[in-house]
Structure formats: C-alpha cells, structure tokens
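Respectively, the protein sequence lines represent chains A and B.
Residues 1 to 305 (UniProt numbering) are what the first sequence spells out, left to right.
Residues 1 to 514 (UniProt numbering) are what the second sequence spells out, left to right.
The set of hints was computed from the structure by calculation and includes no laboratory data.
None of the values given here were measured: they were computed from a predicted structure.
There may be inaccurate statements among the hints.
As the list claims (entries may be wrong) - Here are the computed lysine-lysine pairs in the DSBU-like style, where the Cα-Cα straight-line distance is at most 35 Å: (1) A:Lys145 with B:Lys435; (2) B:Lys463 with A:Lys283; (3) A:Lys104 with B:Lys99.
Unchecked claim - Pair ranges (Cβ atoms, derived): (4) B:Asn278 with A:Arg125: 48 to 54 Å; (5) A:Leu152 with B:Pro110: 44 to 50 Å; (6) B:Glu184 with A:Leu152: 27 to 33 Å; (7) B:Ser192 with A:Gly206: 54 to 60 Å; (8) A:Gln88 with B:Ser205: 49 to 55 Å; (9) A:Asp174 with B:Ser57: 38 to 44 Å; (10) A:Arg125 with B:Asp276: 51 to 57 Å; (11) A:Ser264 with B:Ser458: 37 to 43 Å; (12) A:Leu152 with B:Lys200: 27 to 33 Å; (13) B:Pro110 with A:Gly74: 55 to 61 Å.
What the hints assert, rightly or not - Among chain A residues calculated to face chain B with C-beta under 7 Å, some are: (14) Pro72; (15) Gly74; (16) Ala121; (17) Arg148; (18) Pro151.
Positions of the beta carbon are idealized from the N, C-alpha and C atoms, including for glycine.
Single-letter residue listing:
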Amino acid sequence: MASRDAILRLPVALRQSVVTSRPSLASLAPSSPCSSSPRPYATETTHATPESSVNHDEVSHFNAMASDWWDPHGSSRLLHLMNPLRHQFIRRCLAPDGLDPDRKMRYLDIGCGGGIFAESAARMRNVESVTAIDPTPEVLAVAKKHRRTDPLLLEPGRLTYLQTSIEGLQTPSDKQYDVISLFEVIEHIQRPNPFLQSILKQLKPGGWLIGSTIARTPVSWFTTKFVAEDILRMVPRGTHDWNQYIQPQEMRDWARGQKELNTSDGVGWHVMGVVYVPGFGWKEVKGSEAWGNYFFAVKKREGAV
Amino acid sequence: MSSAATFKRLLALPPAVRRSFYSTAVSSSEPEIYDVVCVGGGPVGLSFVSALHSHHSTRHLRIALIDSQDLTAPHLDSPGGTYSNRCSSLTPAAVRFMKSIGVWEKIDQPRIQPYHAMDVWDGVSGSKIHFDQQQGAGLIDALAEMVPGNRFQASRRKYEAGEMVVATMCENRNLTGALLKRIEELKDERSSSTLNMLAKTKVDSIALGAEAADESSPDFSQWPILSTSSGQNFAARLLVGADGANSPVRRFADIPSPGWDYNQHGVVATLNLDRDLNASELRTAYQRFLPTGPVALLPLPGKKASLVWSTSPAHATALKALAPEEFTAAVNAAFRLMPVDINHMLSASSDSTPTSELSWREPATPPTSTGLPTNFPRIQSLQQGSLASFPLRLRHASTYTGHRVALIGDAAHTIHPLAGQGLNLGLADSEALAKQLVYGVEHGMDIGSSWCLDGYNSERWAKNNAVLGVVDKLEKIYSAGSGPVVWGRSAGVEVLERLGWVKGLISGAAAGRG
Ligand SMILES: Cc1cc2nc3c(=O)[nH]c(=O)nc-3n(C[C@H](O)[C@H](O)[C@H](O)COP(=O)(O)OP(=O)(O)OC[C@H]3O[C@@H](n4cnc5c(N)ncnc54)[C@H](O)[C@@H]3O)c2cc1C
Chain A
1 MASRDAILRL PVALRQSVVT SRPSLASLAP SSPCSSSPRP YATETTHATP ESSVNHDEVS
61 HFNAMASDWW DPHGSSRLLH LMNPLRHQFI RRCLAPDGLD PDRKMRYLDI GCGGGIFAES
121 AARMRNVESV TAIDPTPEVL AVAKKHRRTD PLLLEPGRLT YLQTSIEGLQ TPSDKQYDVI
181 SLFEVIEHIQ RPNPFLQSIL KQLKPGGWLI GSTIARTPVS WFTTKFVAED ILRMVPRGTH
241 DWNQYIQPQE MRDWARGQKE LNTSDGVGWH VMGVVYVPGF GWKEVKGSEA WGNYFFAVKK
301 REGAV
Chain B
1 MSSAATFKRL LALPPAVRRS FYSTAVSSSE PEIYDVVCVG GGPVGLSFVS ALHSHHSTRH
61 LRIALIDSQD LTAPHLDSPG GTYSNRCSSL TPAAVRFMKS IGVWEKIDQP RIQPYHAMDV
121 WDGVSGSKIH FDQQQGAGLI DALAEMVPGN RFQASRRKYE AGEMVVATMC ENRNLTGALL
181 KRIEELKDER SSSTLNMLAK TKVDSIALGA EAADESSPDF SQWPILSTSS GQNFAARLLV
241 GADGANSPVR RFADIPSPGW DYNQHGVVAT LNLDRDLNAS ELRTAYQRFL PTGPVALLPL
301 PGKKASLVWS TSPAHATALK ALAPEEFTAA VNAAFRLMPV DINHMLSASS DSTPTSELSW
361 REPATPPTST GLPTNFPRIQ SLQQGSLASF PLRLRHASTY TGHRVALIGD AAHTIHPLAG
421 QGLNLGLADS EALAKQLVYG VEHGMDIGSS WCLDGYNSER WAKNNAVLGV VDKLEKIYSA
481 GSGPVVWGRS AGVEVLERLG WVKGLISGAA AGRG
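Produce the complete structure using the sequences and hints provided.
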C-alpha cells in the first residue's frame, strides 16, 4: 500500500514540474555521464522561433491542466508543498548579505504558471514587487483569477502578471531584479544557453538567479519517463524530454563560463538536493542533487552590468 | 479524516453557507479586512492572540479579537481571601508556553499553587496509585513515553532536571487577567498596534462574502464575513473559533462535533481545609474514583482547595441543595466512606443527613479498607457562593480546519475533567496554531489556506483524539461499580502502577479540571 502510494505520488510531482513550466527552448548541454546522445529528439516536435524560448506545443499542453492549479488536492499539490523550500533556499542565498529588514526587493518569476511561487513571494515582507511572466494565456488567467481571492495581492505594483517570454520582457536598466526565479522551467528549454543569457540581462548586480529542476539520471528517467509515462500513463508519452534534463554540474559549468557570475561555493553558488518523502513532504537530502530534484542559485557580481 | 473526505466537506460547505448569506440580510457597510479574526476571548483565544502578537513574524498581522464579555483584567482578592471556583491545573507544558510569550510573569503568583504529587485511588477496590515529581510530566509527555525504550530515560531526565511540579493550580480569571495585561503591554510597545480588542461585542452572524463585482476587484466569496452586535462587519482572511463548546464559528464552517454526554455533572466548589500549608511545602492532589464518577481535591494556596466532583445529575442536584455544613460533610464522606454509603447518603429516600451519616459510618470504615491516603486533609467548610455544577460531555470536532477557518480550545473539543486536560489541550492548540501561522507568514502563504492550516490540524487532531480516547476509557473503566472490570482493575493495579503513562495521564490530569 505504502509503496504504491509512493510511486503514485512521486510522478505527480514530476509531472507537475512539466505543467508549471511553460517556456521551452533550446540548449546547451555539455557531455554528461548519463547522456551519451545529447537530445537527438529534442527539437522534433517544437516550433520555437529564434527570438523566443516559447514552445507552442507545450503551451497548448498546459491549457487543459490549468483549472486545478489551486485545488488543494489537485495535481499541483506537490508543487504547493515544495513552495516553502523555495523560500528557505532563497533565504539561505540572501543570508550572507545580511537581511536588512528595511530593504525591499524586486522579484521576477519566470514560468509563473498559476502563480504558486509568485503569490507567496508577493506576500513576503521584504519584497517590494513581483513581476511574474508566462507565455500561456490560460494559466495566466488562472493566476489572475486566483490573485483576486487575496486583496493584499491587488495592492498596486505588488504582483504583476505579464504574458511574455523572457526575451520579450522590457526592463529599464534601473529596474533590474534582485531575485529572478526559474522553478521547474529549465528542463523544458531546448537551448538553455541563450535563454539563461537573456535572463542575466535582467538581473541586478549582486542579485540572484535561483531555480530548481531535475537531474538527468537513471533515477529520474525511471520516475518521470518509465513510471509516470509508460506504466501509470499519468502523463502522455513524450511529455518529458529526459535528454533535456540538466545536471547540477552542467549548470555550474555554464555559470563558470559567464564572467558576470560569481560561482564560488556558498558565496555565489548554492545547490540543494530535495526528495519527496510520502507522508512527510519535501525534504532536503544532502547529495541528492546528483540524482533527483534540486535547487541551484548563482549570484551576479556586484560590479557586473 | 482522509484528505478526500476533507475535500468533499469543503466542496459541500460553501453553497449551504452561501444560502445562509443570502437569507440573512446582506450587510450594508463594507467589511473591514483583517488577517485574523478570533471569536472568543477566553483563556484560549487570549493566549492565541498574545502568541501572535509576541512573535516578530506575526506581529504585523491585523488581528481582531471579539468577545461578548468584558475584556478587562478582573480584580483579584488579596491572598487568603476568596478563590474562584473555576480553576484549572496547568501542566508544565502549558506553563512553559505562558512563559515563552511573556504571560507567566503577569500572573498573580501568590494565588497559584503548584503541586508535587498526586494520590489516586479506586473507591471500589481500594487499590492505589501514587505519583510524584519523578513521574513529572503532563499528559502529552506521558503519552510520548509510551514509545518503547523511551520511558525510563525520559522520566529520569525530568527528575534530574529537578522538574518537581506535576501541575499548577490557577484560577481561570488569574490566567485571563495575566493574558489581558500582556496584551495591553504588547499594544503599548508599538505606536500603531494592529491588534483590535472588541469587548462586549457579540458576533451575530457569519456568512461568506459577496462575489466580486468585476474582474479587477477582490473576490470575497470564500471569505467569512462577520457581523457584530455593534453593527460592524469584518472580513477574515482567517477566522479562528476560540468561542467555546457551542462555537458559532464551528457551526458556520459546518464542522460536525460528534460525541456523547456522560450523564454526569461536575460539581465545583472552593473549600477550606483544616491544615494551613505554607508556600514552600510540597502539596498533593487527590482523586478517588467512585462508581458515580471521580471526585478530586486540588490544592490552592494556604488552607484552600478546589473541588471537582463528577457525579450523577441527581446527586449533583442533591449536593447543591445541601446547607453549607452538610455539603462539607458530604465531601468528607465522598473521600472516606464506602461507595454504597455515599449513595445512600445522597439518595432521595435517605432519612439521614451527610453529617450524621459521616459521624456513624466513618469510625466503622478504616482507611485501609477504602485506600484513603494517610495524609488526606479534612475539609472544614465551603467558601460561600462557590458551589456550582456543569454537565460533562465529550465532543471532538471532526477536523479543526476548513477554508479560512480554524478551531482551538473548547470549540474543537470538550473532555471529561478527570484528567484536568481541557484547558491544557486548548492552550496547546493555541500554541500550535500560532506557530503554524508564523511558518505560513515566513513562507509567504495565505494563512487562511489549507496549505498553511493543514499543519495545525495534523499536529493537534490525532494527539487530542488520543487524549480524549484514553480519558474516556479511564472514565468508563472506573465507573463500573462491581464485576469483572473492578476485579480486573484491582488485580491489575500493579500493572497500572508500573504503566508510567497511565499515571502520567491521571496526574497530568491531576489537576482534575477541564
Ligand atoms: C459552565 C462551565 C464550567 C466549567 N468549569 C470548569 C472548572 O471549574 N475547571 C476547569 O478546569 N474547567 C472548567 N470548564 C471548562 C473550561 O472552562 C474550558 O476548558 C476552558 O474555559 C476553555 O477555554 P476556551 O477559551 O476554549 O473557551 P471559553 O472559556 O468557553 O471561551 C469562549 C469565549 O467565547 C465567547 N463567545 C462565544 N460565542 C460568542 C459570540 N457569538 N460572540 C462573541 N463572543 C462569543 C464567550 O463569551 C467566551 O468568552 C467549565 C466549562 C463550563 C462551560
């Protein structure tokens, strides 16, 4: 019973990691220990335009699933349960800079979906504003509708939803963001390098790019491809492109290649592996970033532009 | 309750409530928006808002506390004067909570009485359980000690830490007075306090708000809107029911609260004893199980003590009709005579008074035959006007939370007073809910959502349910007057004596009061 439960639950989380993340796109992906053939199928079903990271097939895929985003027992449940860890991880990253209670930060949430993280960030006392973007109109409609259930979030400027890709987002240079979040998005991007590059342009010097994703390993292949798609048929076959999953080390290698990023451990770079334990919830498990869901964060150098 | 069932209930709830909204007049004035509206300023509700207002993460929340009663600290007599008949025994855990939120230092210390041991004996078999500070511990600790392998170390540690107190007797109004003082102090600390205390204000109705007028305005259709006797309206992000056993909040949320009546009344009184003990002396609480229900004598300062006598409604009526000196004799008899004689004394057909019954039966009833503890005091008189009774019930809400609703204290559960847990459980609820809201705020949650509230329900419901179940079983086991259950319990008393957790339960209980 319990083990069936466990199997039933885990893929939902992983499926959701697909559901929340709309922008999809093209890639980087240095060699990895697990993937000898770097994404041979990755571009076959998508019609990405060169200017935008938006994958139109994925966009329509999410429309159908938009309705139960905020249902406490719906398919987004595990994402909701993961949300507190996102804040804990962000706090960990910001801590060395000293959390000045009077300093209010500007957040940009990319691939905001129904607004799970964006709403929560907008409620934080140290947040001035949250800009949340997603290319899928249906999920943004869900997000905007749900925002109305909390009058606080309707205060002018506190939470702004925009239907756009990161490439299409216009940000004046004095309005860059202190924190840019990218939760369960990067694994749907076929060409992560240009995608991440356009994110960095929006990041304030000294600011943080913070995200979460799944490592490309036999474990994640088993849970997301084999169990969720082939056995349980909880998600249509082909929902995940396992070859697009990114290893923490690959993320870090990419960051090291960007001169404006600080990647020294615990100062400019953090990683945290998390595991869903049925009956308990999400839990940090040291070292699990190598084989499952993980958070990463990288800091833009103070002097960078 | 399974999550599916909870969900069904949530689905079922709004339409019914919406109906009640449309049938009761739609309020004219715009509601004021609050993060937390707490209905009920009893000890539980007051401790909850003090806890929220004491913590830096929840201090900024806009809170309204509404009670139909006055909310000013009551005047307390000087020590040696009279004591309220509504006392509770606070477990060390409850006292720790009060200390942590700065309330304990506001308590009128000379009016409280810690006790260090408890004697419990069975009126039918005479078998005894004694426990003292070595058992330490309240009920929850005691239950935790049931975990195999844990028991010895845990009690040992407490002993070595010098935690001598089984529980502390405190008048409810001493506690509420301290809470109100602390709340005043917290309000004064900040120029613009976000805590609004509404005394002498009754909540007349609670209903869901209106659908939003247009796409850009807030949608209150899932927010509880309260209307008060003062004509104000409040919209609550989170509505907390600390509104006692008949909780209007629980009714609004349509949360069932199944249970049963014990067909017993709790007779309470403040008594004067023959012995004047000074503050430094170790004190003992006493409880005797009679077939009609347990009778407990809990120490108050000096020569005062608090009585909780759970008995049949007929006996309760008979007791309340007695003259003060006859009542005093009846209480002495309740601890000293055989159950059959006590029944006779209180039966409607009895032609003897408690005084005469006691004077000729007591010499013929050696303490060894009843299990009477050797140090048991003699009750000398009844404090005038302190005799009262209330019906005993077990009720347990099927869940403590709903969308934008949470229940704490008697609104969530009522329990038999034999274990003295009622208020302690309520304070533990309040502490847990406040903690959960701190967590919610620190993680950007909507504190009225199930994402935030679920943690409170899962932390408290099962624990309270276990306590309610054990207390209920103790009541049932000990109210058997004869037969196998009695034999079993006297033969098994050795076992019971060793069962630390049962002892802990009764002692945590010691306090005898709800
Ligand atoms: C008659 C009686 C006698 C008791 N005697 C004892 C005793 O001797 N010893 C003991 O330990 N325990 C006793 N108990 C139990 C004990 O009082 C409770 O466990 C404890 O008070 C629970 O605290 P609470 O704050 O949850 O609820 P309560 O103390 O019941 O507080 C609820 C509050 O809500 C307010 N309220 C309710 N409805 C509304 C409304 N519509 N609008 C505004 N305000 C509202 C009430 O005015 C009240 O102040 C007794 C209970 C009762 C009913």
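Hints and how they fare:
1. A:Lys145 with B:Lys435: 30 Å, holds
2. B:Lys463 with A:Lys283: 24 Å, holds
3. A:Lys104 with B:Lys99: 34 Å, holds
4. B:Asn278 with A:Arg125: 48 to 54 Å: At roughly 51 Å between Cβ atoms, arginine 125 of chain A and asparagine 278 of chain B fall inside 48 to 54 Å, so the hint holds.
5. A:Leu152 with B:Pro110: 44 to 50 Å: Taking Cβ atoms as reference, leucine 152 of chain A and proline 110 of chain B lie about 46 Å apart, which means the hint holds.
6. B:Glu184 with A:Leu152: 27 to 33 Å: 28 Å, holds
7. B:Ser192 with A:Gly206: 54 to 60 Å: 33 Å, violated
8. A:Gln88 with B:Ser205: 49 to 55 Å: 41 Å, violated
9. A:Asp174 with B:Ser57: 38 to 44 Å: 32 Å, violated
10. A:Arg125 with B:Asp276: 51 to 57 Å: 55 Å, holds
11. A:Ser264 with B:Ser458: 37 to 43 Å: 41 Å, holds
12. A:Leu152 with B:Lys200: 27 to 33 Å: The hinted range 27 to 33 Å holds for leucine 152 of chain A and lysine 200 of chain B, with Cβ atoms some 30 Å apart.
13. B:Pro110 with A:Gly74: 55 to 61 Å: Taking Cβ atoms as reference, proline 110 of chain B and glycine 74 of chain A lie about 57 Å apart, which means the hint holds.
14. Pro72: For proline 72 of chain A, the interface hint holds, since the closest Cβ of chain B sits about 5 Å away, which is under 7 Å.
15. Gly74: 10 Å, violated
16. Ala121: Interface hint status for alanine 121 of chain A: holds (6 Å vs cutoff 7 Å).
17. Arg148: Since chain B brings a Cβ to about 4 Å from arginine 148 of chain A, closer than 7 Å, the hint holds.
18. Pro151: 4 Å, holds
Hint check: violations occur at hints 7, 8, 9 and 15; the rest are consistent with the structure.
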